[in-house]
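Peer 1: Chain residues, written in single-letter form:
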Amino acid sequence: MESMIYFNNVTKKYKDNMSLEDVTFSITQGEFVSIVGHSGAGKTTLTKLILAEEAPTEGTVFFESTNIHKLSNRDLTNFRRKVGTVFQDFRLLPNRTAYENIAFAMEATGKEDSEIMEDVPHVLELVDLTNRAFHYPHQLSGGEKQRLAIARAIITSPELIIADEPTGNLDPVNATEVVNILKKINDLGTTIILTTHNKAVIDQIKKRVITLENGRIIRDEKEGKYMI
Amino acid sequence: MLTHTKRIIRSGYHNFIRSGVTSIASILIMIVTLFVITSLIFIQVALHSSLDSIKDKVDVTVYFVQDTNESDIKDVESALEKLPEVKSIVYTSAEDALNQFKEKHSNDYLTLQALDELNSNPLGATLNIKAKDPSQYESISKYFENDNALSKGSLTIIDKIDYHQNKIVIDRLNAIIAGAQKLGLAVSLMLILISIIITFNTIRLIIYMSREEINVMRLVGASNKYVQGPFVVSGILVGIAASVVTIILFIPISIWLGNQMTDFIGINLFSYYKANFFQLFIIMLVSGIFLGAISSFLAIIRYIKK
Numbered sequence: 328m329e330s331m332i333y334f335n336n337v338t339k340k341y342k343d344n345m346s347l348e349d350v351t352f353s354i355t356q357g358e359f360v361s362i363v364g365h366s367g368a369g370k371t372t373l374t375k376l377i378l379a380e381e382a383p384t385e386g387t388v389f390f391e392s393t394n395i396h397k398l399s400n401r402d403l404t405n406f407r408r409k410v411g412t413v414f415q416d417f418r419l420l421p422n423r424t425a426y427e428n429i430a431f432a433m434e435a436t437g438k439e440d441s442e443i444m445e446d447v448p449h450v451l452e453l454v455d456l457t458n459r460a461f462h463y464p465h466q467l468s469g470g471e472k473q474r475l476a477i478a479r480a481i482i483t484s485p486e487l488i489i490a491d492e493p494t495g496n497l498d499p500v501n502a503t504e505v506v507n508i509l510k511k512i513n514d515l516g517t518t519i520i521l522t523t524h525n526k527a528v529i530d531q532i533k534k535r536v537i538t539l540e541n542g543r544i545i546r547d548e549k550e551g552k553y554m555i
Numbered sequence: 086m087l088t089h090t091k092r093i094i095r096s097g098y099h100n101f102i103r104s105g106v107t108s109i110a111s112i113l114i115m116i117v118t119l120f121v122i123t124s125l126i127f128i129q130v131a132l133h134s135s136l137d138s139i140k141d142k143v144d145v146t147v148y149f150v151q152d153t154n155e156s157d158i159k160d161v162e163s164a165l166e167k168l169p170e171v172k173s174i175v176y177t178s179a180e181d182a183l184n185q186f187k188e189k190h191s192n193d194y195l196t197l198q199a200l201d202e203l204n205s206n207p208l209g210a211t212l213n214i215k216a217k218d219p220s221q222y223e224s225i226s227k228y229f230e231n232d233n234a235l236s237k238g239s240l241t242i243i244d245k246i247d248y249h250q251n252k253i254v255i256d257r258l259n260a261i262i263a264g265a266q267k268l269g270l271a272v273s274l275m276l277i278l279i280s281i282i283i284t285f286n287t288i289r290l291i292i293y294m295s296r297e298e299i300n301v302m303r304l305v306g307a308s309n310k311y312v313q314g315p316f317v318v319s320g321i322l323v324g325i326a327a328s329v330v331t332i333i334l335f336i337p338i339s340i341w342l343g344n345q346m347t348d349f350i351g352i353n354l355f356s357y358y359k360a361n362f363f364q365l366f367i368i369m370l371v372s373g374i375f376l377g378a379i380s381s382f383l384a385i386i387r388y389i390k391k
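As they're listed, the protein sequences go chains A and B.
For the first sequence, position 203 matches number 530 in the numbering used here, and the numbering has no gaps at all.
For the second sequence, position 49 matches number 134 in the numbering used here, and the numbering has no gaps at all.
Chain B with its partners taken away, still in its complex shape:
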């Protein structure tokens, strides 16, 4: 049994090495498949990261009427913090709001002059609320409409909530995010399926070219397993070779993407690649080996089942 296994592995290795161009052809096709799989992982990462950075830009601001007591605002803040949907709250006092406004318009002399004319701070304090998920802004804003949730009379200190102004944008964004994720998944699955079919067919074609050889092996008295084994081993070697080439190919690609796209998608793909290198390599290796072995195994069955 052991000599048998050893012979099958050696024979598969010889097949792989000596087939030369044929082996290279199947490796190239397999690289395409693994390339597609890895690219899709990258695209998913980029998509999630850019969606996250967009989500991060969405918030709801509660404007308080002028001269509201800071302690009242703090009461509202601590009440809000108890909500499960809330991720973070930033309190900006009236003075801070004025300073920020001045800084923002530091080149706008006219506005600053108008502000000076007022002699008092026209701005109220604000609470800037970020939800854990964009879809939760609605329930947060509803919370304010629902008076009994807050301490009595809190509605009187709230000037306005800008949720309703942002609602359309937020809703649209939610729809885009959900759509993008669904579409991304569907496209990924389809591309993976297509490349698997192409790989399978290529290996089938290569084994079809070897059908005479298979016939000879059987005539010489080789059992079905002994005929099939070496081809499966070759398929596995194709998978290993292809995954090694692909993982190396993605080093310059991820460096380039890291340089070009980091600002746009909000994550450095090269850092991501480095951090997940081992995991990605395992994914490629396992997919390559699995695909190579299964394709060879299935392709050869029709020639030995006679």
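Here chain A stands alone, though its shape is the one from the complex:
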């Protein structure tokens, strides 16, 4: 199978600080890959490179055979529409209701109003937030915010979802729920990259695990467990 994401000898330095060192791996369509490691192991840097928020110091990152760090501004916008993102700190738009946060992603990609009005309630139902649709982020609990972030990530039917420590701010019950939603999305065919340092989460997923230590890949297992 052709790889969706390919890291080719990627190194990322922040000033003199080595964050990723000579990292090479590939992820194919439909995979659920967990990236684990201590804080500072380079997990977040890795996701930032995939999202083209940062450029690599050396090496190249490919998404479906295109070098994403060579994209023009417009192509970058189009690329980002193929990728859904979920973060530890939720990154919701504070001045918009749950409904509007999801609708924004569709509006930004130029979807019709009729389509938005049809799809948003559907996704809200999927993450069990129907009765919170008109609440602002600050009126939602941590678990609800993360479910909202996931709803926003999947509304545009992306090919890939990147979840950077999505359970980091959640209690075990909410964390389990978020992982279950992500698994459900993966079952429907969306590729998922999840970073975490939560052992319980990895053991629950039972899929491929890449372990990072000091910016290097030290382990890459098909059905991995959390071992550091």
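Hints may be right or wrong, so weigh each one.
As the list claims (entries may be wrong) - The list that follows gives simulated cross-link-like pairs (lysine-lysine, BS3-like), each with its CA atoms no further than 30 Å apart:
#1 Lys172(B) - Lys140(B)
#2 Lys533(A) - Lys510(A)
#3 Lys140(B) - Lys409(A)
#4 Lys390(B) - Lys340(A)
#5 Lys310(B) - Lys390(B)
#6 Lys438(A) - Lys172(B)
#7 Lys342(A) - Lys390(B)
#8 Lys310(B) - Lys375(A)
#9 Lys526(A) - Lys549(A)
#10 Lys409(A) - Lys390(B)
#11 Lys140(B) - Lys438(A)
#12 Lys91(B) - Lys409(A)
#13 Lys172(B) - Lys397(A)
#14 Lys397(A) - Lys310(B)
#15 Lys310(B) - Lys438(A)
#16 Lys375(A) - Lys140(B)
Since the hints were made in silico from the structure, they are not lab data.
Since we're looking at a predicted model, the values are computed, not measured.
Following the hints, complete the assembly by docking chain B onto the known chain A.
Peer 2: Then chain B, alone, in the frame of chain A:
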């Protein structure tokens, strides 16, 4: 394209309304800027009006020797009227001059008695000349020194011209007027510049607070224009709100100034405000919208050019 524009405007409106305190803060700063601009317009008007009333008090009087024929004086008057610098000429005959003198000293018994002793009118006729501009008095007075300009022998009927007595005052006044106008313009421009910089920085700071939000919008797949648009719309709304508040604020201010300052500066600022209300509102509206839009536009560029 139309749905895009509609969404940007709606989104900008929501941003503006829901940002609450932040929007109020930028409106307040913008009010200060518009307040400065409007005040400076007022000050310019007051300055011009008071300078005009001072200018109006300056004149040159030509005194004729006693018993000069009225027709000779009229000849001089019509010759003067042809000069481009002359704004108006008032002729006062010897009798009128005496009556005015008597009236002026009606409480001064001693002077009146002395006048009576003379048995004849000691005063000559006068021509009071006003120039269009104070700087032109010199050329008018030179005109008299230049004999060939007037009918022959006119110099013999002129007793004196009080220009030289007034010259120092007139010169000084000219210097003050020119200086005041230059200084006023320089101070105005500087104050406007300062308040524009403050407004710009405030809006920059507010957008700096939204940088995470901008980042999120981009991650979700919004194009640069779609990220920038709502902020520019919010900036425009700030400008509109601030100009409406400022124009209302100036109603009581101009009424108060009209009551207090009219005698001093020679113009009722409230009447001026009423007469130019629409024009002033447009100035404020355009400055507010322009400033709000440009500040937002420029402030956001650094967050989307990555």
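Peer 1: Take the hints in turn and mark each one as holding or not.
Peer 2: Here is what the structure says about each hint:
A threshold of 30 Å between alpha carbons decides the hint, and for lysine 172(B) with lysine 140(B) the separation of about 12 Å falls inside it, so the pair holds. Proposed proximity of lysine 533(A) and lysine 510(A) is supported: the alpha carbons are some 10 Å apart, at most 30 Å. Of the pairs offered as hints, the one joining lysine 140(B) and lysine 409(A) is violated, with about 75 Å between alpha carbons and a cut-off of 30 Å exceeded. Taken as a hint, the lysine 390(B) and lysine 340(A) pair is honoured in the structure, with Cα atoms around 22 Å apart against an allowance of 30 Å.
With a C-alpha separation of about 11 Å, the suggested pair lysine 310(B) and lysine 390(B) falls inside the 30 Å cut-off, and the hint holds. For the hint pairing lysine 438(A) with lysine 172(B), the CA-to-CA distance comes to about 72 Å; that exceeds 30 Å, so the pair is violated. Distance restraint check for lysine 342(A) and lysine 390(B): the Cα-Cα separation of roughly 22 Å lies within the 30 Å cut-off, and the hinted pair is therefore satisfied. Under the criterion of a C-alpha separation no larger than 30 Å, the hint pairing lysine 310(B) with lysine 375(A) is consistent with the structure, at around 23 Å.
Taken as a hint, the lysine 526(A) and lysine 549(A) pair is honoured in the structure, with Cα atoms around 17 Å apart against an allowance of 30 Å. Proximity of lysine 409(A) to lysine 390(B) is assessed by CA-CA distance (about 21 Å); at most 30 Å being required, the pair is judged to hold. About 69 Å separates the Cα atoms of lysine 140(B) and lysine 438(A), which puts this hinted pair outside 30 Å; it is violated. Taking the CA atoms of lysine 91(B) and lysine 409(A), the gap is about 25 Å. The hint holds against a cut of 30 Å.
Annotation: proposed proximity of lysine 172(B) to lysine 397(A) is violated, straight-line Cα distance about 75 Å (limit 30 Å). For the given pair, lysine 397(A) sits about 21 Å from lysine 310(B) by alpha-carbon distance, which is consistent with the 30 Å threshold. Taken as a hint, the lysine 310(B) and lysine 438(A) pair is honoured in the structure, with Cα atoms around 16 Å apart against an allowance of 30 Å. Using a Cα cut-off of 30 Å, the hinted pair lysine 375(A) and lysine 140(B) is violated, with the two alpha carbons roughly 72 Å apart.
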